[in-house]
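Using the hints provided, position chain B relative to the given structure of chain A.
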Amino acid sequence: MPHTFSRHTAGARVSAAGWGWRHAGRLAPAVADLTLTIEPGERVLLLGPSGAGKSTLLAGLAGVLGGDEEGDEFGDLRIDGKRPAEVRGRAGLVLQDPDAQVVLARVGDDVAFGCENLGVPRQEIWPRVRWALDAVGLQLPLEHPSSRLSGGQKQRLALAGVLAMRPGLVLLDEPTANLDPSGVTEVRDVVARVIEETGATLIVVEHRVAVWQDVVDRVIVLDPAGGVLADGSPDAVLRTHGAQLARAGVWVPDFPPTLPARGSRAARGDELLVSRSLTVGRTPFASRTALPAASALNISLCEGESVAITGANGAGKSTLALTLAGLLAPLDGTLEARPALSRGLRAEPGRWKSRDLLTRMGTVFQDPEHQFLASTVRRELAIGPAALGLGDAEVTSRVDELLTRLRLGSLADANPFTLSGGEKRRLSVATILATRPQILFLDEPTFGQDATTWRELVGLLRELVDSGSSIVTVTHDAELVRALADRVFELQPQSAVAA
Amino acid sequence: MTGLSAPVRPSAIARVNPVAKLAVAVLISVALLLSIDVVSASVALALVGILLFWSGLDARGFWLRTAPLWLGAPFAGLTTVLYGKDSGDVVASLGFATVSEGSLTLGIAITLRVLAIGLPSIVLFATTDPTDLADGLAQVLRLPSRFVLGGLAGLRMVGLFVDDWRALGQARRARGVGDAHVFVRFTSQAFGLLVLAIRRGSKLATAMEAKGFGSHARRTWARPSTVGRPEAVLLLIGAGIACASIAAAVLAGTWTFILA
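Top to bottom, those sequences are chains A and B. Once you know that position 75 of the first sequence is 75 in the numbering used here, the rest is easy, because the numbers rise by one and skip nothing. Once you know that position 241 of the second sequence is 241 in the numbering used here, the rest is easy, because the numbers rise by one and skip nothing.
So here's chain A without its partners, still in its complex pose (with noise of 0.2 Å):
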């Protein structure tokens, strides 16, 4: 069938005057005295510190901030001159959660989802799918199931989804803070192309610089105070703003997080775990055979020492280290921890009680709020120590220590679940370190996180190697790796390693 309408689509005109929300319940409004103008077809990159309400402006634009009861709204927000809420459609938006975004289970009815609430004639809807899943560069069956797709391929789904819609605004909330290194650049580079074809207007949220500073033609920099701090050519913005947005964690490239020199190392200990020949794995569910993610793996790690794993996506990373972990049992081969480890136990980590662990491993899951079993920042971090049987005396004293040392003491009764992304990630890594572990294993602690929780996580971890802890880490950002890693543990991808 022939494309029945145009892939032009006029771009928006935004314009917001005195624009300000305030989320129910709180004191201070997340954007205030805003005013600004975007013109049709202009592409730009919207910068702040956490906290500036960037994601609040998207969603305001979206349609998506709710009514009366969800918060206040100050000043008037435009789009072709008209209220948000009444041009639905006008506007489309993807997040950074590229799980929370599928809606339905095939590709195709996915993308035709929003087609269908806006009241597109069935026989406009299929075209206009197979041109956006084309347009992102899917080529898949309409069929295939939404589930079996990588991060990146589910954000251009998501992107798709948007495109069927035919926006003249597309917005996009940190679309690639969830995605390794070629997932950022695929998605990036869809965005260029279909924002090129249709000639959308785009508003792009995002803290790395660098992956959009070519793409866009305008940098509005929020003020967390209220208004617009700094508005113009990206060149022009980060000459004259770059070291202030720097310090505000944004990722400014000739501004990279700056480190504190390093003090003298503890000499490298004892050996402590050691693997010959490991098959690691897990059994899908309601299956009786366990998939092997990476095998004949032959590792060994000593006291002191800062190990980095790294290999593409589905290579078998993370597998590699709940294994090591011991939260996961070896499929094959031998995983063994050392006396200098294993002090008294048997010497298969995955076979010791989860007390046992406390001291001697400790694990930082990529996603914080898997790791969170208490109501308040305080009681999360004395579980550890309580579970060792300490005396009161001492849980309170090392989870004062770790409020202070991580900056959470303004915090200390605050709910896990509601803290920023930085301060959750601080708060699972401290939770992990109230035990005093001799090796922690660490899963992409700096996916989705700014420069400052950078640069703290990394100083931190500097220390803790430096006076003769062991690291781990899982991670794909080249950055950390030259930053932490005595030694580099690449894994090659399956197909390499099963023959």
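Just so you know, these hints were derived from the structure itself, not from any lab. Since the model is a prediction, treat every value here as computed from it, not as a measurement. For each residue, glycine too, the CB sits at the ideal point set by N, CA and C. Warning: the hint list may mix true and false statements.
Stated by the list, open to error - Calculated Cβ distances over 10 Å to all of chain B for the following chain A residues: (1) R22; (2) Q101; (3) R122; (4) R208; (5) D231; (6) E369; (7) T431.
Said to hold, decoys possible - Simulated coverage check for chain B against chain A, where a stretch passes if three residues somewhere in it have a Cβ under 8 Å from a Cβ of chain A: (8) 209-223; (9) 240-252.
Same frame as chain A, now just chain B:
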């Protein structure tokens, strides 16, 4: 990723509109709930068994999906045999329970009934794609689209919950609280999953809203859901099974209307 999203194999029954399958399952269930006797359940079970040949399920898929039924049905029957209302000669007395001719017959009737109601329901839905069912519920039965699509989107998240559950278990072990009694551990982990589910749900709701879900525009449907001859045929077959089982029981004199 999980067995929950297994694709539906093409078959004669898989092509029928899910709304018709739902109607057939309800029809047979109601007919069998009206009486508790061996004859009506046996006839329904035998006729449903014939229908299975058009379901496209292979042996492994069939046994895997109906396994809970084969375990549950005899158990329900056994309980009735031991503790059901006694009548007729006492066959055995075990001290804590008595087995009589009456409770034995009742137990067999219950077992057959659970099977005859459960089998068609499980098999009809094993051949149904949830998206197609939602299309049918909204377009054929005209249920509100918000309700139907909300449920459908929620169903897709079940696959994510399986992965969340695994990660929660590992995280608890890493936090030193994995040694607790299995019941305590399960309860606390289930609460953790609930918290994650609510958070995932609210994120998904925002994503759906951002795609115009819940707007004032009149919604269209990309996939037509229609009823025609195949649906009528399946409904007639379902009605036939229901009538045949009741007729056979009445003729055999075993029909005992539960409301009588």
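Results of checking the hints against the structure:
1. R22: Nearest chain B Cβ is 18 Å from A:R22, so the label holds.
2. Q101: About 4 Å separates A:Q101 from the closest Cβ of chain B, which leaves it inside 10 Å; violated.
3. R122: Violated, because the least Cβ-Cβ distance between A:R122 and chain B comes to about 6 Å, which does not exceed 10 Å.
4. R208: holds (22 Å)
5. D231: Non-interface label on A:D231 holds, nearest chain B Cβ at 26 Å vs cutoff 10 Å.
6. E369: The assertion about A:E369 is violated, with a minimum of 6 Å to chain B.
7. T431: violated (7 Å)
8. 209-223: holds (count 15)
9. 240-252: violated (count 0)
The structure fails to meet hints 2, 3, 6, 7 and 9 from the earlier list, while all remaining hints are met.
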